[in-house]
Amino acid sequence: MRPEAARAKTIVVEVPDWPGHLAGQHVDVRLTAEDGYQAERSYSIASAPEDESLALTVERIDDGEVSLYLCDELRAGDELELRGPIGGYFTWQVADGGPLLLLAGGSGVVPLAAMLRHRTARGSRVDTRLLLSAGSWDDLLYRDELGRLGRDGVAVHYTLTRGAPPHWSGWSRRVDAEMLREVGPGPRTQPRVFVCGPTPLVEHVANLLVGLGHDPRLVKTERFGPTGG
Amino acid sequence: MAPVSRGFRGRRRQGVDASRVPPGQYVVDDFPVLSAGPTPQTGLDDWTFTIGGSLDEERTWSWEQFVALPGETFTVDIHCVTKWSKLGTIWTGVSVDRLLEDVDTAAEFVSAFCDGGYTTNLPLEDVTDGQAWIAYAFDGEPLEAEHGGPARLLVPHLYLWKSAKWVRGLTLLDHDEPGFWETLGYHNRGDPWNEERYWSD
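From first to last, the protein sequence lines are chains A and B.
Numbering of the first sequence is given in my numbering, commencing with residue 51 and proceeding in unit increments.
Numbering of the second sequence is given in my numbering, commencing with residue 2 and proceeding in unit increments.
Please keep in mind that the hints were generated in silico from the structure rather than gathered at the bench.
Glycine included, every Cβ here is placed at the ideal spot set by N, Cα and C.
Each hint should be verified, as a subset may be incorrect.
Unchecked claim - Partner residues are not named here, just some residues of chain B that face chain A (Cβ under 7 Å, in silico):
| # | residue |
| --- | --- |
| 1 | Ala3 |
| 2 | Ser6 |
| 3 | Arg10 |
| 4 | Lys84 |
| 5 | Ser86 |
| 6 | Pro143 |
| 7 | Glu147 |
| 8 | Gly150 |
Could you put the whole structure together from the sequences, leaning on the hints where they help?
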């Protein structure tokens, strides 16, 4: 267990007989109370397929059920019931090629981090752009790690929508068409686009991309609501 | 038996009729949105609904013709494979029975096709006998695009990925043809009461 930004934790799980996964897939986590009551939620896998252990990053949702348990109660050594990997669409492998355009809001960066970690693990130099929208600097997940990705040829951009620190050189507004044009690559290069985050952001960004001329079939989305639990 | 999660008590919701909530589901009050790509924007002038495939003659309705068909308002519980259920949702639409009324077919399956390229497959017996509708209003209001408007298939007794958003027609088939999610790891039928979520269920 390790804290990850202000409201999230990364949980590293040792899974016997894990069949392997693709970057972008998720698992179902099921909790069982002593009286048999159960609650299940899905969480994106944060680790690359090449990593030794499976890692999940869980955002703490104040009125959540499973996320509160995972962030506040779970301790190293506890057992966790998992199913997966799940989802065969929102995935990327080096062999799929690029360019790669990754757009996320908040903890929507988790499955994209798995793609970036996979890219790094395989030594790929595929043209990759990442735009992350977050409330504040403290909400940004994997900040230090993403900051180092520039060396591997990943262009990392941030926009902070609820206040930026002093001397902030990134954006501080809602994602708009101008921002997407600046991040690139343009629709002519037919990038593989992955958008993940809260529903309003994903709807907004996917509509902007189609408006800019991106082929809707190359824009893959994963939406989650505040009811993620 | 599932292992007990140390220290987990859960936050059971009060006032929810547990007999209406399938295993592994939790009840929500809002209406989450899940789709695999951008929301298609089809103008009503360009919208048509088609019943095609294995039948004597293909049928197509324009938007005007479609909403002039006798409609029904119905209240159902809906269940998404991502674990949320929403109880008592109110929809208006045309029943699939009505659309197939004078269709002569030996088909046993249907494939729903949609703007954006999404497909899903169902046995014909899962969309007849008052079990499925093409819905164009939610809660008395025109169905919003992000929830599948202008019209979506609604098959409330199966997980919601079967209730294809932005539906444009049904193809009648004499064989089963797995759709989008059905070829990407999700169960072929998707009965929430049997927790038919994934291939291995």
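Here is what the structure says about each hint:
no., hint, in the structure
1, Ala3, "holds (4 Å)"
2, Ser6, "holds (4 Å)"
3, Arg10, "holds (6 Å)"
4, Lys84, "holds (5 Å)"
5, Ser86, "violated (11 Å)"
6, Pro143, "violated (17 Å)"
7, Glu147, "holds (6 Å)"
8, Gly150, "violated (13 Å)"
Violated hints, in rising order: 5, 6, 8; the structure is consistent with all others.
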